[in-house]
Amino acid sequence: MTLRTDVPAVLRRPAALALALFMLAAAGCDSSDPEPTTGTISGTISLPAGAAGDVDNTLVALYETLDEFRNNAPTFEVTASADGSYEFTNINPDSYFLAAFKDNDNSQGISSGDFYGYLGGGPLDPDEATPQRQQVTAGENVGINFVIQIVPPGFGVTLTGTYSGNVEGSTLTLNLAEVAGVITGTGSLSGAGSSLPLTASGTFAPPSVTINLSSPGFDPFTLTGIASDDGSVITGNLNGSGFTGESVTLTRP
Numbered sequence: 102m103t104l105r106t107d108v109p110a111v112l113r114r115p116a117a118l119a120l121a122l123f124m125l126a127a128a129g130c131d132s133s134d135p136e137p138t139t140g141t142i143s144g145t146i147s148l149p150a151g152a153a154g155d156v157d158n159t160l161v162a163l164y165e166t167l168d169e170f171r172n173n174a175p176t177f178e179v180t181a182s183a184d185g186s187y188e189f190t191n192i193n194p195d196s197y198f199l200a201a202f203k204d205n206d207n208s209q210g211i212s213s214g215d216f217y218g219y220l221g222g223g224p225l226d227p228d229e230a231t232p233q234r235q236q237v238t239a240g241e242n243v244g245i246n247f248v249i250q251i252v253p254p255g256f257g258v259t260l261t262g263t264y265s266g267n268v269e270g271s272t273l274t275l276n277l278a279e280v281a282g283v284i285t286g287t288g289s290l291s292g293a294g295s296s297l298p299l300t301a302s303g304t305f306a307p308p309s310v311t312i313n314l315s316s317p318g319f320d321p322f323t324l325t326g327i328a329s330d331d332g333s334v335i336t337g338n339l340n341g342s343g344f345t346g347e348s349v350t351l352t353r354p
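Note that the sequence shown covers residues 102 to 354 in the working numbering.
If you are wondering where the hints come from, they were derived from the structure by calculation, not from laboratory data. Among the hints, erroneous ones may be present.
Have a look at the derived ranges for each label pair, beta carbon to beta carbon [said to hold, decoys possible]:
(1) T350 x N207: 23 to 31 Å
(2) P224 x N276: 21 to 29 Å
(3) D134 x P194: 27 to 35 Å
(4) T345 x A306: 18 to 26 Å
Here a beta-carbon is modelled for each residue, glycine too, at the ideal position from N, C-alpha and C.
Kindly produce the complete structure, drawing on both the sequences and the hints.
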């Protein structure tokens, strides 16, 4: 018996087709697809519970170094939508600082009424902040939700200079120096041909001011009040050593 070699082409086609399909399937199983090289960070920013404000178009930024964070020189930057959502895509694997800022008064810096905050939370002054780093891994999405603050009145103001105002017909003059919330200085309370020398010490937690005033031979008295947003005015009350809630407005020229 002999084998036939004259099989019609129509009978040979199914075998050829099956072979082609097998080869295509094998090619589809190729494990040489490129590995992802970047990652993603997404989430939402929000104001503290009960606070009113529009976070739409708030800038959300990533910084590679602490210097870049403090000098506001971001590596990546996006804007948040009306609901506070944001997303960074195609981020190089690394660790980053994350912050958000809305310049509501267009002053080009952090000031009263602006929205500002960063991952980790803490002092609003970037120079005093210790922000938290976030690691970005290739092929992964990191979800981060964080709360930003409404910058309080007096933020960034220092009470440095000479202030003067009237108290019960006398002139109160204070020469103040304030560093990181600690107030020191000297002054005088002058009127009716006499002058009482004063030593000043106190604290400034914007916008609240507390200044303790003392003089040799007199009981100390205290000025408590608030400072204006630019630090040019201190308003408050004097209490102690003959003063009972005497209102005073000190102005710096």
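Results for each hint:
1. T350 x N207: 23 to 31 Å: holds (29 Å)
2. P224 x N276: 21 to 29 Å: holds (27 Å)
3. D134 x P194: 27 to 35 Å: violated (19 Å)
4. T345 x A306: 18 to 26 Å: Holds: the Cβ-Cβ distance is about 24 Å, inside 18 to 26 Å.
The structure is inconsistent with hint 3 alone, although it conforms to all the rest.
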